[in-house]
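Chemist: Given chain W's structure and the hints, the job is docking chain R onto it.
Listed in order, the protein sequences are those of chains W and R.
In case it helps, this note's numbering puts the first sequence at residues 454 to 792.
In case it helps, this note's numbering puts the second sequence at residues 154 to 329.
Check each hint, because a few of them may be wrong.
[Stated by the list, open to error] Straight line, CA to CA, 20 Å or less: simulated EDC-like cross-link-like pairs of lysine to aspartate or glutamate: (1) R/Lys219 - R/Glu271; (2) R/Lys280 - W/Asp620; (3) R/Lys302 - R/Glu279; (4) W/Lys656 - R/Asp265; (5) R/Lys280 - W/Asp659; (6) W/Lys782 - W/Asp753; (7) R/Lys280 - W/Asp773.
[What the hints assert, rightly or not] Computed footprint of chain R on chain W; a stretch qualifies when at least three of its residues, placed anywhere within it, have a C-beta under 8 Å from a C-beta of chain R: (8) 487 to 501; (9) 564 to 570.
[Said to hold, decoys possible] Some chain W residues judged to face chain R by a derived CB distance under 10 Å, without partners named: (10) Asp474; (11) Trp475; (12) Tyr476; (13) Ser481; (14) Asn595; (15) Phe619; (16) Asp620; (17) Pro657; (18) Gly658; (19) Ser660; (20) Arg663; (21) His666; (22) Thr755; (23) Cys756; (24) Leu761.
The hints are simulated quantities; they were obtained by calculation from the structure and are not laboratory data.
Ideal Cβ placement from N, Cα and C applies to all residues, glycine included.
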Amino acid sequence: MIARAEQQIGWMGLRLTVPADWYLTRHSLAPEKGQLALADRRAQRMQLNWIDCEATPDVSRMLEEYRQSVRGAADASDSEIELRALQGLIHWRGVHRIEADGLLTRALRFDRPTSRLVEVIVATDLSQCDAGGEDAVEVAINEARQLLAGVDVLSKGQDGAYWQLFDLKVQTQGPSHSQANPGQTDRVKSKQDRWRLIETSLKPGDSTLRFQHADDKPRRGRVREVWVRRMGMADAWYAQRYGSNLERVLIDQADGVDVTPQRLTRQGYGVVTSDAWEAGPRIRRVVRTARRRHDVLWHDATCNAVFLVTSLYPPKRPIDLSRFMINDKAVPVRAEVLS
Amino acid sequence: MIFSDKNNSDATQDASDLLSGQQASLDTNHVQAGLDVIDLRRTALPHGVVLEALPVRNEAVKSERKRQQLILKVPIQKQWYMRPPFAWIMDFRETKNYELDSLGEEVWQQCDGQTSVELIIERFAEKHRLHFHEARASVLSYMQTLAQKRLIAILLPNETVTSQAMNANENKKVTV
Chain W
454 MIARAEQQIG WMGLRLTVPA DWYLTRHSLA PEKGQLALAD RRAQRMQLNW IDCEATPDVS
514 RMLEEYRQSV RGAADASDSE IELRALQGLI HWRGVHRIEA DGLLTRALRF DRPTSRLVEV
574 IVATDLSQCD AGGEDAVEVA INEARQLLAG VDVLSKGQDG AYWQLFDLKV QTQGPSHSQA
634 NPGQTDRVKS KQDRWRLIET SLKPGDSTLR FQHADDKPRR GRVREVWVRR MGMADAWYAQ
694 RYGSNLERVL IDQADGVDVT PQRLTRQGYG VVTSDAWEAG PRIRRVVRTA RRRHDVLWHD
754 ATCNAVFLVT SLYPPKRPID LSRFMINDKA VPVRAEVLS
Chain R
154 MIFSDKNNSD ATQDASDLLS GQQASLDTNH VQAGLDVIDL RRTALPHGVV LEALPVRNEA
214 VKSERKRQQL ILKVPIQKQW YMRPPFAWIM DFRETKNYEL DSLGEEVWQQ CDGQTSVELI
274 IERFAEKHRL HFHEARASVL SYMQTLAQKR LIAILLPNET VTSQAMNANE NKKVTV
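Chain W with its partners taken away, still in its complex shape (with noise of 0.2 Å):
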């Protein structure tokens, strides 16, 4: 069942709070349309959708089909389902099924301010319930109910500022709204740089997400980019393969870019920047379409990682990093140069 300890996963707007121990299996770049799906160890318990809607839906008549195709499949199967309104949720309207051995609770909410319709689907398998019978279920619908309040939609998907990817959690509207509690539902208002996520890359100990800055066309030297990386299990390769030297790091996985390291400290811990430019052949200088990358890297021994944040942009135009805020911590920009 449900463990106690939880965390929040931000994606595309919209908020969760689910039990620690669940994960991310499937996630959705496209910021209209979309669904994300978490897991626990052994199955998948929750999926949410989402989609932008021009007009208000009729979620009544959505969830009225729903429970009649569920009754014409259990005729059709012989089978027998329980099906419950859910109660108890001023923004949800949904469906308990309740089957012999499984729970699953289907539930809508039509987000006004946004335009956008979410859907959450909940499946408790009632054998793992430590109670039995009809206690089980009362259980599983009271969890379900709570992960549904849980669930709070933030901004528009294209708007979106918390996103997660197993342990990097990265924040593209700080500091501001780092600071406001991450329980309460703070709208983001600010319009003013917008990161849209456009790729992860997702291997064992090493999670990239890579952003767009939303106002920027899709024209060659003229994109803003940031990506954040975080590599993993750093006792088994930072002093092993570089000598915890951060600027053999950052060389190694510059991509043949010619880069200078500088080293610097902030809030105690070591950090290594460079400038320089894109990889790419040099007449692209002299016409302008080559972009300038700056580099931050740093060790953090606590969570037994590497980050990289490399951020891509036209030279006139560059990127305030500040505003990122990477597992609750500012981005160390602003830093002291060792002599």
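Modeler: What follows is chain R alone, placed relative to chain W:
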């Protein structure tokens, strides 16, 4: 509805695929342990059963340490051309060697037939401060490679569990 039902195991399988990386090629030239080897990532078994499985080292594999690295020596099954008279002329190697790094050794040492996959993952995650699921992808992928090289075999707790799990998996298509 904007959502359509999917089998529960799909999503977790997607994630495993996403995380597991390249699948190593199967080398059938090694001495087999005589145990069923389960494909940990492609298997239709639910994740719960995979987590309860017990990895066990191939007893035919010898190990030795050279320059702080653990080297595993797997005997090669002798083909017809490896026997005399060809063997009098050419020197065929009798073992295939694999060098394990520190992470690999950590997993290898725990494949004792007593420690479950779940416990190995938990220990790995705790030691390297990883999310359980991140560690699972890493450990399962590595175990799969070890199993394909016939260095380990994966044992299920018992057949009953397997058949129950299979049935449960089929039922899920109906209920969830």
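Chemist: With 10 Å as the cut and Cβ atoms as the points, is phenylalanine 619 of chain W at the interface with chain R?
Modeler: 5 Å, holds
Chemist: So, as I understand it, the hint says tryptophan 475 of chain W touches chain R; can you test that by seeing if any CB pair is closer than 10 Å?
Modeler: This hint holds: tryptophan 475 of chain W lies near chain R, its Cβ roughly 9 Å from the closest one there, short of 10 Å.
Chemist: Assess, step by step, whether the Cα of lysine 280 of chain R is no farther than 20 Å from the Cα of aspartate 773 of chain W, and give holds or violated.
Modeler: 36 Å, violated
Chemist: With 10 Å as the cut and Cβ atoms as the points, is histidine 666 of chain W at the interface with chain R?
Modeler: Hint on histidine 666 of chain W: violated, closest Cβ of chain R at ~27 Å, above 10 Å.
Chemist: Straight-line Cα separation of lysine 302 of chain R and glutamate 279 of chain R no greater than 20 Å?
Modeler: Distance of about 27 Å is beyond 20 Å: violated.
Chemist: Would you mind confirming whether the straight-line C-alpha gap from lysine 280 of chain R to aspartate 620 of chain W stays at or under 20 Å?
Modeler: Given pair lysine 280 of chain R, aspartate 620 of chain W holds - Cα atoms ~15 Å apart, limit 20 Å.
Chemist: With a cut-off of 10 Å, does the beta carbon of asparagine 595 of chain W approach a beta carbon of chain R closely enough for the hint to hold?
Modeler: 19 Å, violated
Chemist: Against chain R, run the beta carbon of tyrosine 476 of chain W and see if the smallest gap drops under 10 Å.
Modeler: 4 Å, holds
Chemist: With chain R as the partner, please determine if proline 657 of chain W meets the hint condition of a C-beta pair closer than 10 Å.
Modeler: 3 Å, holds
Chemist: Would the hint on aspartate 620 of chain W be counted as holding, given a Cβ-Cβ threshold of 10 Å to chain R?
Modeler: 5 Å, holds
Chemist: Are at least 3 residues of the region 564 to 570 of chain W within less than 8 Å of chain R when you compare beta carbons?
Modeler: violated (count 1)
Chemist: Please work out if lysine 219 of chain R and glutamate 271 of chain R have their alpha carbons no farther apart than 20 Å.
Modeler: 30 Å, violated
Of the numbered hints listed earlier, those contradicted by the structure are 1, 3, 4, 7, 9, 13, 14, 20, 21 and 24.
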